[in-house]
Every structure is written in C-alpha cells, then in structure tokens.
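Asks: Using the hints, build the complex out of the two chains.
Next come the chains, spelled out residue by residue.
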Amino acid sequence: MNTTGEAKEGDVILKLENIHMAFGKVAALNGVDLEVRKGEIHSIIGPNGAGKTVMMNCINGLYHPQEGNIFFKGQRINNLAPHKIAALGIGRTFQKLELYGGMTVTENIRMGSHIHLKANILNGSIYVGGVKKEEIEDRKFIEEEIIDLLEIESIRDQVAHMLPYGSQKRVELGRALALRPEVILLDEPMAGLNLEEVEDMARFILDINEEKRWKITCVLVEHDMGVVMDISHRVLVLDFGNIVADGTPAEVGKNPKVVKAYLGEEDLYATRR
Amino acid sequence: MAEEIEVTEDLTIPQVFLKRCKEYGARKVAMREKEFGVWLPYTWQDYYDRVKYLCLGMVSLGLKRGDKVAMIGDNRPEGVWAEMAAMCAGAIPVWLFQDCMMDEVKYIIDHSDSKFLVGETQEEVDKALAIMPDCPKLEYVIWDDPKGMRRYHQPNLKSIIKTQELGKELDKKEPDLFEKMINEGHGQEICLLFYTSGTTALPKGALLTHYNMLSMGKNLMAVDPCYDTDDFVSYLPFAWIGEQMMSISCGLLMGYTLNFPEEPETSQHNIREIGPHVMFAAPRLYEGLTRQVQVKYLDATWIKRKAYEVATKIGYHVADLKFEKKPIPWHWKALNYFAYVIMQKKLKDHLGMSRLRHCYTGGAAMGPEHFRFFHALGVNLKQIYGQTEVAGISVTHRDGDIKFDTVGTPIPETEVKITEDGEIISKSPSVFQGYYKNDEATKKTLKDGWLHSGDTGFIDDDGHLVVFDRTKDVLKLKDGRPFAPQYLEARLKFSPYIQDAWVIGDKLPYVTAVMCIDYSVVGKWADEHKINYTSYPELSQDPRVYDLVQKQIEEANKALPEPARIHKFVNLYKAFDADDDELTRTSKLRRGFMEERYKDIVETLYKDADMVHLDMTITYEDGREQPIKIDLRIQEITV
Chain A
1 MNTTGEAKEG
11 DVILKLENIH
21 MAFGKVAALN
31 GVDLEVRKGE
41 IHSIIGPNGA
51 GKTVMMNCIN
61 GLYHPQEGNI
71 FFKGQRINNL
81 APHKIAALGI
91 GRTFQKLELY
101 GGMTVTENIR
111 MGSHIHLKAN
121 ILNGSIYVGG
131 VKKEEIEDRK
141 FIEEEIIDLL
151 EIESIRDQVA
161 HMLPYGSQKR
171 VELGRALALR
181 PEVILLDEPM
191 AGLNLEEVED
201 MARFILDINE
211 EKRWKITCVL
221 VEHDMGVVMD
231 ISHRVLVLDF
241 GNIVADGTPA
251 EVGKNPKVVK
261 AYLGEEDLYA
271 TRR
Chain G
1 MAEEIEVTED
11 LTIPQVFLKR
21 CKEYGARKVA
31 MREKEFGVWL
41 PYTWQDYYDR
51 VKYLCLGMVS
61 LGLKRGDKVA
71 MIGDNRPEGV
81 WAEMAAMCAG
91 AIPVWLFQDC
101 MMDEVKYIID
111 HSDSKFLVGE
121 TQEEVDKALA
131 IMPDCPKLEY
141 VIWDDPKGMR
151 RYHQPNLKSI
161 IKTQELGKEL
171 DKKEPDLFEK
181 MINEGHGQEI
191 CLLFYTSGTT
201 ALPKGALLTH
211 YNMLSMGKNL
221 MAVDPCYDTD
231 DFVSYLPFAW
241 IGEQMMSISC
251 GLLMGYTLNF
261 PEEPETSQHN
271 IREIGPHVMF
281 AAPRLYEGLT
291 RQVQVKYLDA
301 TWIKRKAYEV
311 ATKIGYHVAD
321 LKFEKKPIPW
331 HWKALNYFAY
341 VIMQKKLKDH
351 LGMSRLRHCY
361 TGGAAMGPEH
371 FRFFHALGVN
381 LKQIYGQTEV
391 AGISVTHRDG
401 DIKFDTVGTP
411 IPETEVKITE
421 DGEIISKSPS
431 VFQGYYKNDE
441 ATKKTLKDGW
451 LHSGDTGFID
461 DDGHLVVFDR
471 TKDVLKLKDG
481 RPFAPQYLEA
491 RLKFSPYIQD
501 AWVIGDKLPY
511 VTAVMCIDYS
521 VVGKWADEHK
531 INYTSYPELS
541 QDPRVYDLVQ
551 KQIEEANKAL
561 PEPARIHKFV
571 NLYKAFDADD
581 DELTRTSKLR
591 RGFMEERYKD
601 IVETLYKDAD
611 MVHLDMTITY
621 EDGREQPIKI
631 DLRIQEITV
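Residue numbers (my numbering), protein chains in the order written: chain A, 1 to 273; chain G, 1 to 639.
Hints are not guaranteed to be accurate.
[Said to hold, decoys possible] Some chain A residues judged to face chain G by a derived CB distance under 7 Å, without partners named: (1) E143; (2) E144; (3) E145; (4) S167.
[To be verified] Subject to a maximum C-alpha distance of 30 Å in a straight line, what follows is the list of computed DSS-like cross-link-like pairs (lysine-lysine): (5) K133(A) to K147(G); (6) K530(G) to K96(A); (7) K96(A) to K524(G); (8) K215(A) to K147(G); (9) K215(A) to K417(G); (10) K530(G) to K140(A); (11) K212(A) to K168(G); (12) K96(A) to K147(G); (13) K147(G) to K8(A); (14) K212(A) to K162(G); (15) K322(G) to K417(G).
Simulated from the structure, these hints should not be mistaken for lab results. By construction, the Cβ of each residue, glycine as well, lies at the ideal position given by its N, Cα and C atoms.
The following block holds chain G by itself, in its conformation from the complex (with noise of 0.2 Å):
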C-alpha cells in the first residue's frame, strides 16, 4: 500500500509526484500504453525521466512560472508527461478538447494566452499552425507523432523528443533545477486552467489551485479508497474535470497504475484487457454498454437466452431488494450466485467489469433503467454530482446507500445547501478561484465562497440531492407542471434502437421529440426484416423504422402522466454531433442551439403537416461544410 500523503494547502501536485517517483522508482509500474498491439509499460521511474526534461527542455525553450500550457490529444503518456511537464515548471496547463473546431481551439489558445501548445498529431499541428498568426502570444508548437511530419521544418516547431534533448542538456548545466522548481511552488498556486464544456455559452476558463485539485482527490478516496494495486483506464478527454480527478489527483494521492488505450476506437477493447479496479464514465458509454447487451442477447441461441432472462430476473430481484435497503434472505443470495455463475460473471468479464469495485456516472442524466440494469449485474455503479469549478465532483452515492433518482450525499470536507430559488450550492476546498480574465462571471458563480452552480434541485429525507439539470432546461408542461426531458430522453434511450432523443414542449401545448436510431443496431434490424437501405438519412425515414421508433416511445410513454407524454416524433437525418454544436464535447444537449438550428422541425411538429423540409449545412472535423436538403416524416402517437 502506497505511503500516505497529508495533503496540506503548501503541498502542489508536481511535489506528490516526486514522492511517488522517489518512493517506487523503477520497482513499480506507473502507466501503460497500448502500442503495436502490446501494452507497453513505463515505471514511476521513466516518468519522472520523460516529465524532468519535457519540462526543463519548455524551460529552455522561455517556458516560465505562470505561464499557459494547452495540450491537445488523445489520452496518452505523452499528455500527461506534459501536462506534468508544465506544473512542474510552475506554468499552467490547459486542456482543450481534441476534437474541438479551429475556432474552439483559436478562442481558448488566445483566450487563455498560452505560449505552449503541445499536440499529438500532424493534425494538432496544422491546427496550430492555421491559428499561429491570431495568436501572436503562442511562442511553440510541441508533437509527438512523427507521423506525416516529414515536411514540417518551421522553427517554432519541436517534437517531444527534440525538447526532451534540449532538457537533458539543461539538466547537465543545471543538475538541480528541476526539483527546485518543484519545490518552489505552493499550494495555493493556480494549477490548472480549466475552461468549462459551456451548455450555454463560450467556455469559460475556471482557475483550479493545486490545493483544489489535492483536496478534491483525498475527499474522494476518503469515500471510496483505492489502492497502489489498482488499474485505472485513462479513455475520457483529459479536458474533461472527472478524467483530471481521476487520473492526476487521485492516480497520484493513491499511486495507482493508469492504462491508455490503443486507439479511441478499441477503448472498450482495452477495458477488457486491463479490468481496471475503478472506473468513471459519462452515461453516454454506459448507455452503449446497455446497447450492446441487449444487442447480443436478441442474436444469442435459445438456451443463452434464457439463461440471461433467468439470471437478469435473479440480479434485479435482489438489486432492487438492495436500493429498499432490505435485507437479501438467504435463499435470494444462492440464487443470486446461481444467476452469476451462469451469466454474470462472463457478460462482465466480456465488459470489463470483471474486477471493478465502484464504477461512476456523471456529467449528464443517467436514466433509471441503465441503473437498475448495472446493479441487477452486480456491478456498483453510482451516480456522482459536480463540475468543473469544484475540481471534479462535490456529491456520490455510498456503498449500500443508492438510490437511483439521486446523486447521493456530499464527500467529505462538502457542503450543499439550496438556495430559495431552488439552486444547488456548495462549499468546500476544492471550489475554484475564479474564471480568468471574467470577474462579471465570478462574481455570478461564487458569492462569500459559495459555488452557485446554476442546477436547481432538491435535498430528500435522507439527505441525498436531487439534481433537476440545468434551471434553463426545465419544461413547463400545458398544466403548469414543471418537468424535466432528460428523464424521458434517459427512458427512451433504454432502447437499443435508440442512440439520442431530444424531448420538446416547453410551454407548449403537447411535448414532441426528434430522436436519433442507433445505426448499427437498427441497421442490423432492418437487415433482419429485408429493408433495403444505404444510409442513415434513408434508414430514418423508412415507415418501418418510425414504426419500430414509435413502440419503443409508447413503451416509454406509459410510465408518464398523460400531459408529459411525446404525442408527435420525428427521427433525424443523422445522429446529433459535437461537431455540429448540438453537443457539448462531454454529450450533453445543447437545448437553447438546437432550437434555433431546428426552427422548422419544432415548428412543424406543432402544425397539422405529417413532414417537414430541412434545408442546412453540416460541418466536418476539419470545418469543411456540405448543403443538405432533406424531407423528414412526423408520425403521430395516440396517447
């Protein structure tokens, strides 16, 4: 078990590092990487080499205290060596998303002024290099993937390994100065420079200290511990807070090994091979995993079948037995072994889960369904509540006590009240500092220390918190009811057929939804039952697949009192994209934007006409735009 560390306000994150690196040197792996089809380890060792002259090497190249850092990239060493790189320094990393848009990643370069930017890719690089001339403050551009580089040879390029050599160089001058640096810094220093998804607005850059990011890592694991011994699987961007949390304030309070994956595609692949002890997703990946079962347990022989419906009956018996806090009788228990010697433990093994003690879900609504589906497989999943500007989450469920229409009780060291109008705030030492260069904003979020967050919700009998999501993003049903569409988006995304739903009806007389299928899933569907079909546009509209659609809303519709149930749909031309705006880089809906970019359907979908004509443009990665037109069915539902 790793040496405890008292995290105080004078400690920083680089000096946590150094102790782990001197206290397991070459003896224990401290990450693995997925290359050429084989996980390549690197001990605690090589990453103090790889992070010591990364950042001597920025510092030969002008890098100084306080100055920004941004990192673009997949999850890979290479990003965390540099985003170490950089707090060691003293500078401050930035993170952008890595499938931002040039204008995304030219706002927060300039935004954040940040003289670094350290890509992966001949990609990141030419995004670097197209925004080079509006951004007079970025000095140079870092890569790490010789690939396709050949012709690059401006001078305020420099590949990784370039800097590491002018580091090492350094290091020879000045054999000191690294661990000088890091101990010249100071809790209470700014340690990141965090700029927020943004549902709403431009993202906003949230300044975290080291004492936050610290505080929030120990309140954490003082909930639910992890061990030296334990594998943790780095996959979510690491500009989203709850990959920071996990991976650099926890990984290192508790020294855990971190896995990267071979490729964003073979993630779920990866998870397999590893079974990491803990893990944090958002409910989009949860929701995929639930997908894919159902998938497979629709192809699977008879005797599989029931094998799964028996032991499926079995795990939701007794995780419901579990949510009523009542106690499992015996013979419930043999059962339950029965149900995981049959299923169980290979459907988890088949995802990952075989190993996991807690897993969370966070950033979004999660829907009751995909809940009770992970604990009737005996896998913990709880829910977590928090944002950016409180260095990663302030609310989970405990062991034991879960219930699934909460997000569970404050971690240690966290307080949550509700304000009179309903709006969830909380305190504790991992609020952040501020939004830099936006005192207006600050002076919004953070009143006497107090983190408004802008949900509203509720604090139940037994002290949990009831999130309603975003103030903004509550219906008003025709009866004056308040209602809030991402617990019908979550019901109906239970289908496997469903991939996205946007629920519609605020003020308005009947609620409306435009849905997304699941491409693959229906598309095999449609092979099953002879339609023919070539695309995704053409497969949405088929009569059959609205038919298909309309079953799974009618199934969701019956749990709902009348005035909340969808009495008109229409299904999408293609699925809802980050790309297109419609999406924040962490999936969540961005409400306000699709209503202006869907003018016609929502309008449309209150008139008496059974289609509509969209005329619009759909855009790239790389910006490039293309005109569609296209007519989409409304189908109507008798409620």
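Looking at chain A on its own, in the form it has when it is part of the complex (with noise of 0.2 Å):
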C-alpha cells in the first residue's frame, strides 16, 4: 500500500481491516475487510441491516469502529472527526438526502467547497484581493464542473427543498463532488428514481470515475443489482455484518453463496430491469 499521500492507479486508496462494530449486543460489522483501490468503482451490496452504511459511516468518521483500523493513502483515519476526514479527500452523500433544505442548489453546492476556501471573516468582509480571486475560481469551478456535468442549470437558484426527489440526489451529489474528493462514498444514489434518472445517476458516476478530470474512487452502497453488475470493478457482499464474498461482478455473480442469498432472488436482480 502506497503511504506517500500519492496514490497511483491500481494502488489500494482506501483499506479498511478487521472492522468491528457494534450496538449494544447487535454486531453491524464484524471483522470486515476491505480494499479499494484507485480508480475503481467498488460496490457494496446486502441485504437490508447487512451493514453497508454502518460501513460507510465508519469510514467517513460519523462511526467510530470499536475493532479494526480504517487507512486512507496509508494513514489511519480511524478516529478523525468527519470534517477532518473530508478534508483528506473523502466525500459523501446520503441514503436519506441531507441538503440544507432552504438553501438553493448552487449555495448547497458551494458549502460543499467551504473547505478549500482560505477567506475569512477579516478579508472576506472587504472582499479583496485574493479572496475575490479565490471566489470567482470556485464559482467558475462549480458552474463548469458540477453543474454543468450533472445537467442543473434550470434549477440552480432553485430553493434544494422545492425540487423533486431525482433531482435533490443529483445536488448531493454535486455538494460532495465539490469538496473535490479523491474517494466518495456514494450511500444508495439511486434509491427512489424512475428509470431515466438511475440511468443518468449511473452515467455521472461513471463520468466522476473514468473523466479525466475528475478520476474520482467510488464507493458504492446500491440495492439496483442491475446497475451495481454494469458499472462496478468490484463487488463487496455483505449479510448482517459478515462478508460473503469480494471479486469482480462476474466473480460474484457466480458465487453460489451470493446467488442464493441475495443475487438469486430473482425480484431483487430484476429490480428495474
């Protein structure tokens, strides 16, 4: 594993070892392993309360695991805080959308770069010199990045709470990418759309992924197997809190384990198939 803070191609970003986590009696995980590397898209698929987002939320520091270790470019994140955790190149978006419901999308979308901004509340008050520089820079970056890659310049001075559900999850989307992260956690993007809009979903993580301007290593938690088998380098399988399996969708999909226990079930494959 690469522990310069530079990571190539290839090489594992994002190593979480021998998780555990628990609620009271219940274990969520119990010594999970898990490697992504750079550049690949890896899935997380199991039933519900197989633990999926409690992994999520271990590595993004809103958990703390009680066993384990989690490394990040060779540097254990274990107990960072979450903005601390950001900060490093983890981004995030949420099962259940967490906008800033009064804000407008662009606004929503600009908290996202609030790290990366060096203005504060002295310079900024006067707005000179490289503080305007530096906000013309993200705006410019924003406009032409994000809202112009996830297609919402008719909602953009829209208020985030007005806006349909499909389009809620493209801002979340849009707020994580613009921490400007090297990995995001990308926790069931697709849960709730119609047809046309898990298309489009699938189709910017792949322009995250494979752009050369972005390049961005997913993380995905999805339930549409249809979508995870198409785009995913890797798939992680979990049943409450144990690994089933970890391999290509091709390896997976040919698990006996897995296809009895989630992938065989044919309503669940199906999904909007």
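Replies: Spelled out as structure tokens, the structure:
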C-alpha cells in the first residue's frame, strides 16, 4: 500500500482491516475487510441491515469502529472527526437526503467547497485581493465542472427542498463533488429514482470515475443489482455484518452463496429491468 | 445602423455573411450563448473564424459542392456555424429536430443523401452510429460536446475542434480557398434542404435557394424593420423554417445579435435576461405564458390581484379600441399609462417582453382570447401565416391593422389568391423549387409558379387572409355546417388548467373532446383542495378534476352555437407528445393519427358508456416502449 500520500492507479487507496462495530449486543460489522483501489468503483451490496451504511459511516468518521483499522492513503483515520476526513479527500452522499433545504442548489454545492476556501471573516468582509480571486475561481469550478456535469442549470437558483427527489439526489452528488474528493462514498444514489433518473445517475458515476478531470474512486452502496453489476469493478457482498464475497462482478455473480442469499432472488436482481 | 445590402438573384447567404463579418469584425457581438451561468459573446470576427475553419475542415474531409450536411442539436452557436460552414462550401444543410426518433433520423439522412452529420452530444452520435449501417452515404459524424465521448474512437467520428484544426491546416496551404468558395456561389443555387413537419404523411424535403431565403428576409424586414442594435433569442428548433427566417435570413441582412439559451428548460429565464426586441414563437409558448400569468394571479396577494384586475380591464378596453381602429380618448390613454405603471411594466419585464417591438405567432391556430390578452398588456403580438415551402411567411399583420381572426395581409412581392375550391395559393420570390426526389408531390404543390398550400381560407373585405386550417381538418357538424376544431381547442386552452385539447365530431351526431390537463397547474389546484395524487394518470381521473375540466368546457361552450358545443369529454392519462406521434415537431395535432391511435376512445364517446378501457404502448425518446393499461372515465355535459 502506498504511504506517500500520492496514490497511483491500481494502488490500494482505502483499506479497512478487521472492522468490528456493534450497537449494544447487535453486531453490525463483524470483522470486515475491504481494499479499495484507486480509480475503481467498488460496490457494497447486501440485504437491509447487512451493515452497508454502517461501513460508510465508519469510513467517513460518523462512527468510530470498536476494533480494527481504517487507512486512507496509508494514514490511519479511525478516530478522526468527519470534517477532518472530508478535508483529507473523502466525500459522501447520504441514503436519506441531507441537503440544506432552505438554501438554493448553488448554495448547497458551494457548502461542499467551503473547506477549500481560505478567506476569513476579516478579509471576506472587505472582499479584496485573493478573496475575490478565490471566490471567482470557486464559482467557475462549480459552474463549469459540477453544474454542467450534472445538468442542473435550470434549477441552480431554486430552493433545494422544493425540488423533486431525483433532482435533490443530483444536488447531493454535486455537493460531494465540490469537496473535490479523491474517494467518494455513494450511499444508495439510485434509491427512489425512476428508470431515466437511474440511467442518468449511473452515467454521472461513470463520468466522475472515468473522466480525466475527475478520476474519483467510488465506493458505492446500492440495491439496484443491474446497475451494480454493470458499472462496478469490484463488488463486496455483506450479510449481517459478515463478508460473503468480494471480487469482480463476474466472480461474485457466480458465487453460489451470493446467488442463493441475494442475487438468486429474481425480483431483487431484476429490480427495474 | 447596418449598411443596407441589396438582395439580388445572384447574392448568396455566405456572401451576406462575409460582408457582415468584414463590416463589423471584432467591434460588434454577433451572437451570445449562455454557458456556465454567464453570457459568452462571440464577435463577428469570432463567427467568421469558427465558420471558416469548420468549413475548410469539412472540405479537407471530402465535402464537395452540392453535398448534403445534416445537422441535429439544440440551438447553440455551433449549430449556426455548421450550417454556415456547409453553405460556404456550397453544400446543402439539412436540419433535423433534436428530439427526432431514430426512424425519422434514418429516413431523413438516407433520403437526403447526407454525407456529413453534425451532432451536438453523445446522444446524437449514438443515433448516428446506430443508423450508419443503413445509411451508406453518411461518411462522417462531427460532434461538439465532449461529455461522455471518451470511449468513442471510431475513425469516422470527429470533434468540431479537431475538424477546425484540419481546416486551419488547409487554410495554411490554400489561404484564399474559403472566400473563393463563397464567391463561386450563386443566389439561385439550393442552399437548404428542409424537411416539412408532415401533419399528414412522411416528411418531404423542400428545396430552397439563397434567393428564396434572402428575399424572405428582405420582405419581412420591409414590413417590420429590425436594426443591428437589436437582440433576438434563438430558441425554437433550427429545423423549423420560422427560426431559419429569423436567425439566418433576417439575422444576417439586419446584423442583429442572436442569443442562445443555456438549456431548452432555461429559455424562458434567458429570454427575460436578454429582453429581445423581436420574438417569434409557436402559439404553444404564448399559451404557456398566459397560463403562467393566470396561475401567478391566483396565487398573488389581494392587493396585487386587484391591481392586475384594474390594469387588465383598462388594457382590454384600450386593446379593443385599437382592434376596432377607433381613436383612443385622452382619458383612456391616461388610464392606460396608469395601468402600465401599476402592472404592465412589471409583468412585461417578468415575461421578457419589456423591449419587444414586434412578436409573432404562427405554425398553428391561436385563439382570440390569447391574442387579446397580450394586446391588453401592450404587447404587439401579430399573427403570421407561412410554410416551409415559402421559406418562412407570406402573410402577416401590420401595425395598427390587427384582426385576431385573420392572419393579416401579404408581405411585399407576395401575391395571395384563393382558388375556386377555397384553397390558399401564393406566389413570391420565396416560393421553393420543389421537393427533393419527389416530382409527384412537387407537381401537386407547384403549379405555374403558384404554391398550393393545402389550406383553405378566404380573403375578407379588408384584404386580410382568413385561414380555416388544413382542408381535411375542417369538421362537418351534424347540421352540415363546416367547423374548425382548432377554434374550439384554442378557446379551451385559454383556461390555465387545460394544456391540450382534441375536438372530435366530423359527420358525427355531436361534438366531443379529449382533454389533457396541465399537470403543474391542476396539481397545484389539487394540493389546495387537499386531493391526493401520485401521478398524471391518477390526477387526470379524479372526479373532482373532471368537474374542474367540465367547468372550463362549459365556459368555452357558452360562445358557441348548439351543434358545435362539446357534449362529452374524457381526460387523457397523459399530455399529447410528439414522441408518440400525436403532435408534429412543431406541436400541431396529427388528427388522422390520433383517430387511429385512440379509436377506442372515439368509439366509446359515441356510445352509451361511461368508461373506456385503454390498452396501448407509450414510447420513450430513446425508442423504448412501455405497455399501459388504464380505464378512463367519460363525462357528459348538459348543453
């Protein structure tokens, strides 16, 4: 594993070792290992309550695992606060939307890039020199890279809570991108979307993963098996906090345990297809 | 003011383009595009450079005089550059509607023998790649938006930038080639192959010359002049002749600035930002604006509603005086100014109509209610009548001579007559040259230089043309009287709750209608009345929504003679859509097709039944189909 801080394509960028996390007597994660390589889309699948979101929460510091280690580019990040982990380059979206409902789309996205702005209350209030330049650059980045990518030009000035669910999901992704992360944790980005919106979201995920401009490593928790099998490089299957399988979509798809426990259920696998 | 250009039979569009580019250079903005949230300007020098290198790039890829270049995409500078580049090389541009289904794209590309296709995004490239095996004459596909194109490496795909680089190389070798090609052109050569929207059959390719297009621009500008300081917002499809007339013919002759919206969804907002001086749109847009105002009115506070009511009352009175060509007494002028201050000024600003000198509607019928509405606001809305085959329009209203039941009087150099059968025919320098590879249709349409429109109408005592509509669309009521369903449909659409209506009743015992509710307006009404719904089909079938629609129909029925009144109606489970072939790409109802598609509904409307079961398929834009089964209620109205 690379420990210099600059990971190359294919290097393990995010590593979870023997993670244990229990709530009272309920073990949500029971010795989970995960190795996410730079440039990959690594999906985590499993039935409800398998521990997928708990894993996300452990990675971005909302939960601190009771046992085990989490490394990001070689640095142990177990006990860091979420904002510090965000500053290191791990962004995320939430299964249940966590937007600032009263703010506009642009304002929500700008919140994501706030961590990179150096202005303070003093020079910000007189708006001179570097502050102005910094703000113009930030605006340019949000408009040219994020709003254009997510095709949300027509709603940029609308208040977030007034938007349809599918649009709010895009805004969440936009805010996470504004953080300019190296790794993005996507917690069920397709849930509740219609077929067309699912296709759009899958396209955006591929774009941020493949486009030279972004090249973001993605950790994707998703129930839509069709999408997971189509776009992932690797898939980890969880069941009640235990790993059932971890490999390429083809390997996982053939794993008898997985087929029996999860993929075999036709209605789940078929989802929207 | 722009230097006047004399339109002769020798002059070509690229020659006008060249002249304007040399006249204005980098001093004046030729076009703007809203991109990344800001308006990006392109000067005439930028316009020249982009067109020149794209043209030479295509030439180095093998484009020859007379070849066809198909184009598809939203309104954007690159679209105009590609069209102009093709024309400069002596090739013939062919525009396709951006939301064309695969079959239509294939038909037009193949029928037109297109050698190049200039698309905008990955979506158009995908369409092109899918049809390439069936269209062997198509050699190159040029695209301009790199989004999603990282995995496309086919040798016959080129980006606009790459093509322009090829052009730059060719320019180094042959620096005079571009202008030489422009100067070789002649006004009587074909400059556009324009596929008609086809209300009745497969699209036909109308051949238009440079002289057709330029004389069109000249004659329209003689009626309502524009200036090079004007702004025009280009947002209607380029595949619609009206947009070509405004953006190309008039735009180049007058030198005004074209403005391109950021996205089709943002056009209304972008129009407001620009505040154009001249506007051209299909009735659908004006109907949408009217609905928007009516809905905002219902939402407004008491004081604002009162101000609106007072100002509209004054506005309507003054507008009616103008329609009747009566003098406006000084106190009404004063009151009208008061109405302007308290309401019209603000509302016009919201609609982006503050600077508007003229605006036109055409392409389909628009009801008098909408017409009066805009004139009561002080907006100079005029009707036009035209078609692809005349390179734009042949008839329009003149300032101070507006009758909303007519389409006005012929523009200069245009003769309009009515044949013994009542068909409208016209003759002008803009009349097209015939249909591409369709002599039979050409013979039917062009007789001794007269263009047979297929529309019926008459010329009234004031010399105004009255258009009945497509001959075959006129209904015969039970008492034998002819009746234009569009008239009733337009009245129905004045209600903010109704997005679309289809009136049926040809040679049938009574008149019925299929209604499409406006989802957002009726949805809001449902929220206020605590009606729960999850989707358009569910909302449309709610009995309370039926009662709401019935009220709107009863209102429209009032002004009609008994045989023309609607007796029964059904709310459709969706709005009419061009993707389902129910509308043309210019939003006209395709009645013949609808009668076939909704045969069950039509039959049940004339039976003693209160429910119709539908079992059919809807088509998505990418061609996927989905079956749908639904029961629709039929409601009777006492007339």
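Asks: Please go over all the hints and tell whether each is borne out by the structure.
Replies: Results for each hint:
1. E143: holds, 4 Å
2. E144: With a minimum Cβ separation of about 5 Å from chain G (threshold 7 Å), the hint on E144(A) holds.
3. E145: violated, 9 Å
4. S167: violated, 12 Å
5. K133(A) to K147(G): Satisfied, since the Cα-Cα distance of roughly 28 Å is no more than 30 Å.
6. K530(G) to K96(A): Holds, at roughly 27 Å.
7. K96(A) to K524(G): holds, 26 Å
8. K215(A) to K147(G): holds, 14 Å
9. K215(A) to K417(G): Since the Cα atoms of K215(A) and K417(G) sit roughly 66 Å apart, the hinted pair is violated (cutoff 30 Å).
10. K530(G) to K140(A): The given pair, whose Cα atoms are some 43 Å apart, is violated under the 30 Å limit.
11. K212(A) to K168(G): holds, 27 Å
12. K96(A) to K147(G): Holds - the C-alpha atoms of K147(G) and K96(A) are around 29 Å apart, at most 30 Å.
13. K147(G) to K8(A): Within the cut-off at roughly 25 Å; holds.
14. K212(A) to K162(G): holds, 19 Å
15. K322(G) to K417(G): holds, 28 Å
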